[in-house]
Structure formats: C-alpha cells, structure tokens
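Undergrad: Following the hints, complete the assembly by docking chain B onto the known chain A.
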Amino acid sequence: MNGEEPRIGVYVCDCGFNIAGVVNVPELVDYAMALGGVAVVREYKYMCSSPGQEIIQKDIRELGLNRIVVASCSPHLHEATFRRAAEGAEINPFLVHMVNIREHVAWVTKDRREATEKAKALLAAGVARVARHTPLERREAPVRSELLIIGGGIAGIQAALTAADAGRRVYLVEREPSIGGHMAMFDKTFPTLDCAACILTPKMTAVKNHPNITLLSYSEVVSVDGYVGNFKVKVRRKPRYVDETKCVGCYECIEQCVYKTPKFPSEFELGLGKRKPIYIPFPQAIPLVAVIDPETCIEFKTGRCKKTCVEACGDRDAIDFGQTEQVIELDVGAILVATGFQVFDAARMTNYGYRRFPGVFNALEVERLAASNGPTRGEIVLRDGRTPTAVAIVHCVGSRDVNYNPYCSKVCCMYSLKLAHLVKERTRAEIYNFYIDMRTPGKGYEEFYQRLLEENLHLIRGKVAQITDIPDSAQEEGKLIVVAEDTLLGIVRRVPVDMVILSVALEPRADKEEVRRMLNISCGSEGFFLEKHPKLAPMATMSDGIFIAGACQGPKDIPETVAQAEAAAAEAIALTSKGFITLEPNLAYIEEALCSGCQICIPLCPYNAIELDREPMVARISDVLCKGCGVCVAACPSGAIRQRLFEDEQIMDELAGVLTR
Amino acid sequence: MMPTEPVEPKIVAFVCNWCTYIAADTAGVARARYSPNVRLVRTMCSGRVDPQFVLAAFERGADGVLVCGCHPRDCHYTSGNYKTLRRFLLLKKMLAQLAIEEDRLRLEWISASEAEKFRKVVEDMTDRVRRLGPLRANGGD
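Residue numbers (this note's numbering), protein chains in the order written: chain A, 1 to 661; chain B, 1 to 141.
Check the hints yourself; a few may be wrong.
Cut-off 20 angstroms, straight-line C-alpha distance, at most; resulting in silico cross-link-like pairs (SDA-like, lysine to any residue) [claimed, not checked]:
(1) B/K117 <-> A/K203
(2) A/K203 <-> A/E560
(3) A/K512 <-> B/R73
Residues from chain A shown here face chain B by an in silico Cβ test under 10 angstroms; the list is partial [as the list claims (entries may be wrong)]:
(4) V29
(5) E103
(6) N209
(7) H210
(8) E654
(9) T660
These are computed hints drawn from the structure, not numbers from a lab. Every value quoted in this text rests on a predicted model; they were computed, and no experiment measured them. In this text, a Cβ means the ideal position worked out from N, Cα and C, and glycines have one as well.
If we strip away everything but chain A, and leave its shape as in the complex, we get (with noise of 0.2 angstroms):
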C-alpha cells in the first residue's frame, strides 16, 4: 500500500433537486465529517459540471487530499468524469471511488429519513472502501483497425461505407444472399415519397465496389471471441451452389432452367411471389449472383436432372453442385450490430384473420404489391388479382397493446398514411385508415399528414375488434367487414371492404438471444438491443467494442437508422484509431509467496489466463488474457490470488461500511 494516511475528500452532489429533493443533505454532509480519515466535506449543486469537478481538484491540491469519494449518481455514468478530474489534479484515478445516492436511493426511496439513513450507510462505505485503495496504472493493449458489420439493410449499408470512406477495412456480413435488408422491399419512402430502390440501389453498388468493404453474404456470424480491440470471428459462408467470382448475374440460367415457370414462393416477395429453384431475390440484388435452393433444385433432390443451367453458363462455368460450407475467421477491432427488426405475426391476433382471409394482407407484403420490381409490377390488388374498390389500413397491429408489444413502433402511422397514399393512387379505391392516435412526429411529417388529409380518405379513431366474412346486410356480402368503435362519434362502426392492410409492429429479430449471447451484449425488457445509454450512448452497448444501429436498437425509420448508423460508425473508429486502448486495470494477480501451486484457480479462468509455474511451483495470471472477473480470487484457498480495485480488505470494509446503520 502507498503508506500515506489517507486524507479524503467527500463532495456530496444535490443534482439539482433528484438528490437533494429526496436525501437531507446537510445531515448526510454532517454525518460524513466525522468518518475517519476524512478531511474534507462538500455539497455542491452538480457535481460532474465543470465548477464540481474544479471545486475537487482545487481541494486536492491545497489541502492535500489523497482520496476522493463522489456521493452522486452512477459509476456507470460518471465514474470516468471524476476519475479524470482526479488525474487533473495529479492524484491517480483509482483512488477516487463514486456512491451511487441517486439511482440507489433518492429515486427508489420515498421516504426522506429512510433515504438519508441509506445515504449514510453507502457513503460510509464508500469512505471506508476508498482508504483501502492504491494506485493503479491502466494497461494498454493493441487494436486492430477492421471492421465487422453484422446486417446489410440501410443501418449495415450506411455504417460500411461511412467506415471504408474513412479508410477502414470493412466486413459486411448478410443472412441473406443480397444486401439491401428491408428497406430494398419498399416502393416509396415517407414522406417524400422517394422511390427506395432509387435511392438505395447505388448506395448498395457503391457497397461492392469499395475496395476497403469485403461482403460477405448469405453468410452468419457464428461465433465471437476475444476483447474489444482483437475480435476473432468465426463466420459461415452458406454455399450458394454458384461461384460469386464467376457468376455475372446474366439471368440466363435462371430463364434456361428445366422449370419453364417460376413455381417455387420467393422468400423476397413473401410468397406473394414464386421463382425457380436458381434465382437472384431481386433485379437490383448486390451481389448480383444467382443462388441455388437445394430444397427445390432437381439435382440436388434427385441427382438426375439435365442442368440446362450449367449448358446455359457455358464457359462461365459458375454454377458448382460441388459447393460446400465454409467457415472464415477474421480478426477485427470493432463490431457493429446492425440486425434490424422482424414484422409482427399477425396470424397470433386471430380476431384480423389474417392468413385465414386471403384478403388481409400485412403491410410488408402491400410494400411488395406496390413495389413496381415487385410480383405484380406494381398494381395493387387482391390475391385473385381483382382491383380492390374498399380498402381497411388497421394501424398499431401488436404495438400499444399490452398483449403483444406494449411499446408504439414509430414508423406505422406514417408507412400507414402512405400506403393509404400508394393504394388510392393506384386503384382510387375508398380508403378507411382505423388508428389509436395519429402519431407523425419528425421533418415534414406532419405536413405529409396533412396532405393526406385532402386526399378523402376516411380516418377513423379507433381499434379495430374484429375482422369477419360474415355479413349483416346485403352490402356486406362477400365483404371483409371491419368491426371497429369510432370513439370520436361514440358509435360502433362495420365497414366492409375487400382489402385489409394491417400495420405490423417492428418487433425485435427471433433469433435476438442467440445474437445477444455470441456478443456478450443484453436485450431491453421488449426485446431490442439494449445499449450503454439511452441518452448519452444510444449506439454503444455495455460490452467495449461492441456498437449496435438501427432498428435491432429499436423501431425508427430510415433517416434515424441513417444517422444511428453513421454515429456508430464513427465510434468504432473512434474507438480503433489510436492504435491501442486503454484497458481497466482490475486485474488478478498472485502473492507468490502464499501460492501452493495447488492449481485449483486453473480450470476455473474462462480465459485460459493462469498457468502453472513448474519452477518454483507457482501460478502466474497473464495480464494480457486476465478480464478482472475475479472468479479465481474467490477460489483460492491460500488467499494468494487478489484483485485489483477489489481487494478483500476494500470489498470487506464496504461490506461493514453499508451495514453500520
């Protein structure tokens, strides 16, 4: 230990009123003078803002201060602050410990008197605690410079070019086997109106031709070690049946295939359409490379067909039965989560219908009918290919309901008000949009809405109760009538039509939890991606390294995802540009002279970062491998193993500190 008596300062912070509101702080400042060691108390209305932290450095250096205890908020939000406050003021970092009498206590106790003891009994702790502790240095650690971009919709997209324009090594790798995810599925964008291929089409070529991007699709991740700064990645590359360095995206295997029709459902158009069992998903696909489905492919099934589309590849040669999976591992500095969202399964509210009237559609799938690249090139119209004369929009399926997802998805309104625009345009059908609340928040938003509002379409305020077939009257026959209350005229209202949109919630992907496990990352309580603030860190996560963006963080339409995209994006270059990081330093070490060599700690390190010493029959900890879980240190039956910042005697001391009062 550093041997000097310890001389700490305590700054009590009111935050305003979210402490001092709830906690007596007087008394707490009281309370605080008389603990041992500590020379200085003080109350200050913010303590992270710049006057708090120069109030600090200024006691430190007249009156010697050694220890610095902050009784404010979170470590997890201001622990850095202080610690670099400290290092201003030329004391090391690591002996400044924060108590958390914001979060803790003032915001989840009611009572004053309750909370000020609690105070008491933290702070106390904290003082205690930080006496023990000693200087530390932080270890440096190298970082690699690539990029790995898990998700090639718009967030994948924007985020890989933004880091390839910026002189980064970029892997973008998609599930599927062309990029452009959910946004290459829209016609039209709100609340332009721009067409999405066009303006995401060179925006995924321009993908390609990077020379710093290397796609990797129809490919998974499908494991991550290592820290921040040196992923290794291990990533499964589906065969295609088809060479990506050979194949031009001519066509013209598809058209020769022994299927003369399309006869297989497109995963692309969501069986709205069908394609063979060789097909590119979409015109504008990147790469633009046939796949083979071997689940459909005669030759794959039966081993006998004439594969008339290798005849038709000729000396091309790219088609190749032989094709196996293939893992590649790759090293990277950063990870960027960009696995967007799922449409809600409309099929779980059976009062729609929906999949049991063929004319309730969900609103990705009129996307598809509307789309002009799509299986009817554009018309909208029921699945016998009639031209709807009524048509329902049912906004906030599975969202704001607390039996699917509590939470509004953002974006419906508006897709909603626009698909109202699409399909009156196109079939000058009578259009009934039923919403909870018009919700058209964002630039140029409402002024869509308003727009909308002149193009007689019949709003009505109100949740739909049920969809049904079965009519009341003669004009509802052979109708789909939608049941719904109009709680701006308080009557009950059944409106037939022949075609339903439902406005699907954006849900969080299935397979989130794997995706979660493999990063070390954590979902929110709905199921998104949770990050490190919801304010102040909206793209980074818990986990270093680690940067989500789009709407795998939460519903939010493309101008969000954009920016989110690019912002994390630019902190994982940030993060990557110095070269190296800076490494926490609570790392495991061993008092040689109490190890027995008994080599209980060894199996125990997920890390693999202890080694026997055969000479003199010790266990040494690699600095380099060690996370400072501190797993081996409880373990150890000599006490040989410690940990710094969590030192027995620190933890010990706060233990009898929290439980004086």
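TA: Quick look at chain B alone, frame taken from chain A:
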C-alpha cells in the same frame, strides 16, 4: 433495543457490475420504489463473491444476504455465475449447520433490463427477512 419499534432488517446484496447493478440503476431511472433495507456491494462478477464475504456479512450484522448475477449463459465473463451457483449450494448447507435460516441467503439472476424483477426480489427478500426477525435473536452471539 426498544421493543415497541420493530427492528428493520439489514440486507446486503452482492451484485455483479454488468447485470444486476445495472438493473438497480434501471430501477432508479424508472423511479421504482422499494424498501431501503437492501444495500448493494458491487463486484465485477458474482463469481468474485467469496463465501467468506457472505459469512462476514452475517457476522457484521446483516440479517439477510442476496447474491445476484447475470442469468445462466449470460455471464459477462462467460461462466462466472456457474461458479457462483456451485459455491452458493455449498454455502447453503453450511449455513444450515450454523442454524442460519435458509431464507436469509438467496441467489437471484437479474439481467440489466430486469428492473422490475430487481424491485420484486428486494421487496420479497425484505419481507421474508423481516418475518424471520433479527439474526442474532435466533442464536448468534
């Protein structure tokens, strides 16, 4: 001790830095109200919680001890929580021999997003320990 006023139990919660400490922060942000009896001691991983810490907590006046970490398969350090579980099971047996009631020690997995679970566990634990009464009244020194 004044017999008229019921003694409030003291409970120590050892929480990991990555899941349960954040759950407690999230509970704060959500302004969840819970009883002030539970005091948190943070370690990087629940696997750092030496059984001696738990015994020391009881010795120094805790009426109950909570050990909280990430859910199985969710440990920030891959597997620290499994080691916690092993030690916990052994510790439970030991506490029984020391005549410390089973309900006074509890292991809970609380993820970063489970603020409500954190609140419930704290309330429930406080309630159970309150019903058991102070630890020393049941033996001890």
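Undergrad: Confirm or reject each hint.
TA: A quick look at each hint next to the structure:
no.	hint	in the structure
1	B/K117 <-> A/K203	44 angstroms, violated
2	A/K203 <-> A/E560	17 angstroms, holds
3	A/K512 <-> B/R73	14 angstroms, holds
4	V29	19 angstroms, violated
5	E103	3 angstroms, holds
6	N209	39 angstroms, violated
7	H210	35 angstroms, violated
8	E654	6 angstroms, holds
9	T660	9 angstroms, holds
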